[in-house]
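Asks: Next come the chains, spelled out residue by residue.
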Amino acid sequence: MPDDDLTRRIIDVIAKTQHIPSEKITLDSTFQELNIDSLDGINILFALESEFNVNIPDDAAQNIRTVREMVDGVTRLVLGGADTSAPAHAS
Amino acid sequence: MPARRVVVTGIGVISAIGNSVAEFSEALFAGQPGIRPMTAIAPGLLRFPNAAEVQGFDPSRHFDEKEIGLLDRFAQFGVVSAREAIADSGIEWTPQLRERTAIVTGSCVGGKLTEDEGFETLYRHNITRVNPFTIPRTMANAGASRISLEYGVTGPAWTVSTACSSSNHAIGQAFWMVRNGSAEMAITGGSEAVFSLGFLKAWEAMRVVSPDTCRPFSKNRRGLILGEGGAALILETLEAARARGAKIYAEIVGFGMSSDAHHITQPTAEGPARAMRAAICDGHLQPEEIGYINAHGTGTAANDSTETAAIRSVFGEHADLLAVSSTKSMHGHVLGAAGAVEAVAATLALTKGILPPTANYSEPDPACDLDVIPNESRRAEVECALSNSFAFGGLNAVLAFRAWR
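Chains as they are written, first to last, in the numbering used here: chain L, 63 to 153; chain R, -7 to 397.
Derived by calculation from the structure, the hints in this document are not laboratory data.
Owing to the predicted nature of the structure, the values given are computational and were not obtained by experimental measurement.
Be aware that one or more of the hints could be misleading.
[Claimed, not checked] FRET-style restraints, in silico, Cβ to Cβ:
1) L:L141 with R:P35: 20 to 30 Å
2) R:E18 with L:L89: 53 to 63 Å
3) R:R234 with L:N97: 57 to 67 Å
4) L:R138 with R:A359: 26 to 36 Å
5) R:A253 with L:P83: 28 to 38 Å
6) R:Y115 with L:L141: 31 to 41 Å
7) R:L114 with L:T92: 43 to 53 Å
8) L:N97 with R:R28: 35 to 45 Å
9) L:I82 with R:E375: 47 to 57 Å
10) R:R28 with L:R138: 27 to 37 Å
Every residue gets a Cβ at the ideal spot worked out from N, C-alpha and C, and that includes glycine.
Using the sequences and the accompanying hints, generate a full structural model.
Replies: Following this line, the structure appears as C-alpha cells:
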C-alpha cells in the first residue's frame, strides 16, 4: 500500500517535470497515456533523486512504465534509508 | 566524364585496443576488448566503473612541452593517428599537393578535458583567471588545424560535429571532395577524449552506460561503454595512387546520410535504413554485394534492436547472408571518433579478408537475430562493407567500401 504523502510528492514531481497538471496523474496512469517518453523518464528520475535524496539504479529504472510502478519503486528506496523530510536541494 | 574512383592509401589509429594500426589490428581480430576499470576518474564517483581508455599514451613521446601546452588530449589523438596514416601512405609532399589536400575531421565535444579543468579552477577553486590556451585547446578543429600546420597543408580544412556520427560525416565529405575533384587528396577521420568527471556525470544521467561491459546484440546487454581515441584515413584518387605506386587498402565507394526527424534521442529504423540505402545507391552497388556491416552497435537496448530492424528492411532476405559486428564491444564507443575508428576496422576487414567479431556476446536476442560474428573473428573475403554511425539528434551517416584485389 503506497504511502499517501510520498505518492503525492512523487506525482507532484512528475507534474512539475512534465509541465502537466497533477490532477491529470493517477496511480493507474501509464507513461504512454501521460506522453512520457524515455528521455522524459530519465528527467523525472533525476528530479526524484534530488527530491528524495536517493540513488535510483539504472536497472531498477529501466522497466518502469506506470506511475504506480514508479511510486512503488521510489517508496521502497525512500523507506529503505534516506531522510526524506526535506528536499535534498532547494530549487 | 566518369566519376573519379577514390581509394584508401593510409590508415592510423589510437584506441583502447592499440596505439598503432598493428596493435589495433591484432586485438581487433583476436576479439580482445580494451574495456577495463577506469583510471581517469577515482572509483566510486560514477555509476559505471569501466571504460575503454587508451593505454600507455605518453604525450612527451609525440610532442614537445610547448606543443603539449597547446593540444588537448583529443587533439593529440587526432594528430598522432594522422601522422601514422600519412607515414603509412608514403605521400611525397609537393607545393601543389599541399594546396590540393583537404583535411576533414570529426569530433563530438572537442577539448572537453581542458574545458573541465578550466571551469573547475574557476568555479571550485575561485581562481579567477583561466589558462589563456583554453580556447585554442578546446576548439573542436584543434586537431585539424594542428595537422594543417604540421604538414603545411593549405587546402580546405574543417571539422564536423554531429555527435556520434561526426567522423562518418567527416569521412563522407572528404570522400565526396576527392571524388568530385574539389581536392586531390584528403586527410580525414576524427578523435575524442572525454574522460572528465563533468562530462561523464552527464552520460551517467542519460542512463545508457553499462555498469559492466558492452555486449552489442546480446539479450543481456546493459548499455554502451565510453571510449577515447582517434583514427585517420588518407583518401586519394585511384589514378594518383596507381601513378605513385601506392599501397591500396580498399576503395571507398559510397556515402549516405539521413535524419530521422523523429526524436532527439530515440532511434528509428527508417532513418538509418535510408542512410544505408543512400550509401549503397551513391556507390552504385547492389545490396547483395554487401557482405559485412560494421554496425553502430552501441550495446544499448534501443540501438541494437532498431539497427537490426533497419538492416532487415534494407537487405530483406540478404540480411541473413551478410555478417554484422560491433567492434565497439572492444574499443568502446568513441563518440565523435567512432566512425573513424570503425572505418579503419572495416578497411582492415576487407584488406585482410577477416571479419572482426562482436566481443562479449553471450545471449541471443530474437530482436537482434542477425549473424553478429559472436566472439571470434571469421575468414571471409567479402566484396563490399558498410560502416554505420547513428547519432543522438537522429543524424545518420553510412560509408560503403569495396575490397581492393
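Asks: Are the hints correct? Go through all of them and say.
Replies: Against the structure, the hints:
1. Checking the proposed 20 to 30 Å range against L141 of chain L and P35 of chain R shows it holds: the Cβ atoms sit about 29 Å from each other.
2. About 56 Å separates the C-beta atoms of E18 of chain R and L89 of chain L, a value consistent with the hinted range of 53 to 63 Å.
3. Distance hint for R234 of chain R and N97 of chain L: a CB-CB separation of about 59 Å, consistent with the stated range 57 to 67 Å.
4. Between R138 of chain L and A359 of chain R the C-beta distance comes to about 29 Å, which sits within the given range of 26 to 36 Å.
5. In this structure the hint that A253 of chain R and P83 of chain L lie 28 to 38 Å apart at CB holds, the actual value being about 30 Å.
6. Against the hinted window of 31 to 41 Å, the Cβ-Cβ separation of Y115 of chain R and L141 of chain L comes to about 36 Å, which satisfies the hint.
7. The given range of 43 to 53 Å is respected by L114 of chain R and T92 of chain L, whose C-beta atoms sit roughly 45 Å from each other.
8. At about 41 Å, the beta-carbon gap between N97 of chain L and R28 of chain R stays in the expected band of 35 to 45 Å.
9. For the hinted restraint 47 to 57 Å between I82 of chain L and E375 of chain R, the CB-CB distance of approximately 54 Å keeps it satisfied.
10. Evaluation of the 27 to 37 Å hint for R28 of chain R and R138 of chain L yields a pass: the beta carbon distance comes to about 33 Å.
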